[in-house]
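Residue-level listing of the chains:
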Amino acid sequence: MIWLTWRQHRKQALFAAAGLAVIALYLIPTGLAMHHKFNGSGLAACLDKLGNAQFLPAGTQDCTVQAQQFADQYKAVDIVSSLFIFLPLLVGLFWGAPLVAREIEHGTHRLVWTQGVSRRHWALVKFGLIGGATLVVSAVYAFGLTWWMDPLRRATGGGRLTVGAFDVQGVAPIGYTLFAVGLGIFAGTVWRRALPSMAVTLVGFLVLRIALTVWARPRYLPALTLDYPLQDALQHNMARGDWVQSTGIRDGAGKLILANGQMSCRPGVSDCGQDLASGAHNWQLFQPGSRFWLFQGIETGIFVALAVLLLYFALQRIRRIA
Amino acid sequence: MEAAPETVLETENLGKRFGKTWALRDCSLRLPAGRIAALVGPNGAGKSTLLHLAVGLLRPDAGAVRVFGQSPYDNTPVLADIGFVAQDTPLYADFTAAELVTMGAKLNRRRWDNLLARNRLAQLGIPPDKPVGKLSGGQRAQVALALALAKRPRLLLLDEPVASLDPLARREFLQSLMGSVADSGTTVLLSSHLLADLERVCDYLIVLHAAQVQLVGPIDDLVAEHRQLIGPRHDQEPIGGVASIIRASHTDRQSTLLVRTNGPINDPVWSVREVSLEDLILAYLADGEALGSHSAWGVPA
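Chains A and B are the protein sequences, given in the same order.
Each residue of the first sequence is one higher than the one before, starting from 1 at the first, in the working numbering.
Each residue of the second sequence is one higher than the one before, starting from 1001 at the first, in the working numbering.
These aren't lab readings, by the way, just hints derived from the structure by calculation.
No experiment lies behind these values; they were computed from the predicted model shown.
Here a beta-carbon is modelled for each residue, glycine too, at the ideal position from N, C-alpha and C.
It is possible that part of the hints are untrue.
Here are some of the chain A residues that sit facing chain B, going by a computed Cβ distance under 8 Å [stated by the list, open to error]:
hint, residue
1, M1
2, W3
3, L4
4, W6
5, H9
6, R10
7, Q12
8, L14
9, T114
10, G116
Sample of chain B residues lacking proximity to chain A, with all beta carbon distances greater than 12 Å (derived) [stated by the list, open to error]:
hint, residue
11, N1075
12, G1083
13, D1088
14, K1130
15, G1179
16, V1272
The whole structure should be built from the sequences, with the hints applied where relevant.
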């Protein structure tokens, strides 16, 4: 069975290896250049010094200027990084969807399921080996991208939790990839043809990923609120990497009087916020950057659980296909 | 007194339904060991369904199917005793014949005759290192047969093995099949909608029509117990020695009957003729219900 799986899928393995090599050819030089610049320009040291306080003491040299320079220089690289969101989908389309569907489409399931190996055994070996290969490939690109993105995410200050950055770093891409492959395999047992199975995988993956990103991820843990005065020109600490979900100005009773805005006055301005309601203050709703790994764990757990569930259903369906 | 031969394949009120349509219904038959059996019926009669049930690809919705006394569904030990060549002889098109033989060995660790497969393919001049997708239809069928035979099966099931082959390849395929099962005592069940292919090689007959078994038995017995009667116009009255009338056609004064006999027919008004196997099968196939779809087409019946 292991020999058969390798013989059947070695071309796909070869394409995946070639794809990873091409990606590495881009990531390694640009990544090394970014790390070099990030450390060499003093930006890394500057950000390290900021610590983890919510606000910086007045007059602190925050690294905005250097960070802006860095971000501008690697703007193009930042755009490329968002393309890697689709890597898990590709694995699901080309490894997952054809796994069962192509056998049925070509009738070869009648050949292989009538030999001296049970369907269950066939399915478990295939799922195991393809799943294992998926795990290896996705871990390689997930950790590669995490290393590569590190200077960019720290310099841009948006934090690792923001949409786009969260999705290509840490362990979440492994969960997405396993899910895409599970979905592809399951779709193949239902639609039984490679092309419709790929279409279903494409749509299903995108719908679930978008739905979870938009509806679930901001709510994995209750967001924190922060109230702070209009005066004193408080400086946010960009090194915290907080994911700010909503901002505004509220009055003394807590009523929102201005949505999507913040206000700060220079020190010494006496009539700061005089024209606003009494007790007016800045307000923000945010997920602290320190929750990154917790959120990664939750999201990865959800997708891995779904992948396992889909493979279980696929196994049940395979027993009834003729 | 000879002992009754072992039953290899047995079905009991077997039924399989796809959606609301029964693809096979109330199918009861026994296939004794050592027979070369033809499974005959028009397209859509349920031949593939019966074979898929026998090889455990499908699970029955009604009744039971037993191969060597066991249900073949999800039963790997029984599958090891069955060689199966599916319709259109599916093979992994990018594998070479040699790789397919390796695959057979890996998937059948219990029993696999590597030498048999290699000898067969060598004799037939199949190139070992060419992807089987690039071989001719006849060669692919031979590769599929070699894989099935290398399992050293006690029962060999072939689903329309020659349907897509030209007449020459057809003859060669059947000859090589007969050559290899003749001395091994393997029981063979092969389906076809073309009787002419099977008449030469088979000694047992199963006729399927409209999802039901119409006729089962050794070909010699079946031919011996059917007769064609020609005589005056016949109106349902019983005829001595006739068990049942399979098919009747009438002109104004004359009737032609194909009957199953249970004794000698001595009534002198009937002239009695022997029937050919082909006449016999056609009579049973014409017997099924008329399949009209006039209402669906919106035309008068």
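We went through each hint and held it up to the structure:
1. M1: Because about 7 Å separates M1/A from the closest Cβ in chain B, which is inside the 8 Å limit, the hint holds.
2. W3: Result: holds, 5 Å to nearest chain B Cβ.
3. L4: OK, holds: L4/A within 8 Å of chain B, min 5 Å.
4. W6: This hint is violated: W6/A lies away from chain B, its Cβ roughly 11 Å from the closest one there, beyond 8 Å.
5. H9: violated, 11 Å
6. R10: Since the shortest Cβ distance to chain B is 10 Å, the answer is violated.
7. Q12: violated, 12 Å
8. L14: It is violated, given that the least Cβ distance between L14/A and chain B is near 13 Å, above 8 Å.
9. T114: Interface hint status for T114/A: holds (4 Å vs cutoff 8 Å).
10. G116: Holds, about 4 Å.
11. N1075: Given a closest Cβ separation of 9 Å, the condition is violated.
12. G1083: violated, 8 Å
13. D1088: violated, 6 Å
14. K1130: Given a closest Cβ separation of 16 Å, the condition holds.
15. G1179: Given that every Cβ of chain A is farther than 12 Å from that of G1179/B, nearest at about 23 Å, it holds.
16. V1272: holds, 46 Å
In this structure, the earlier hints numbered 4, 5, 6, 7, 8, 11, 12, 13 are contradicted, and the remaining ones agree with it.
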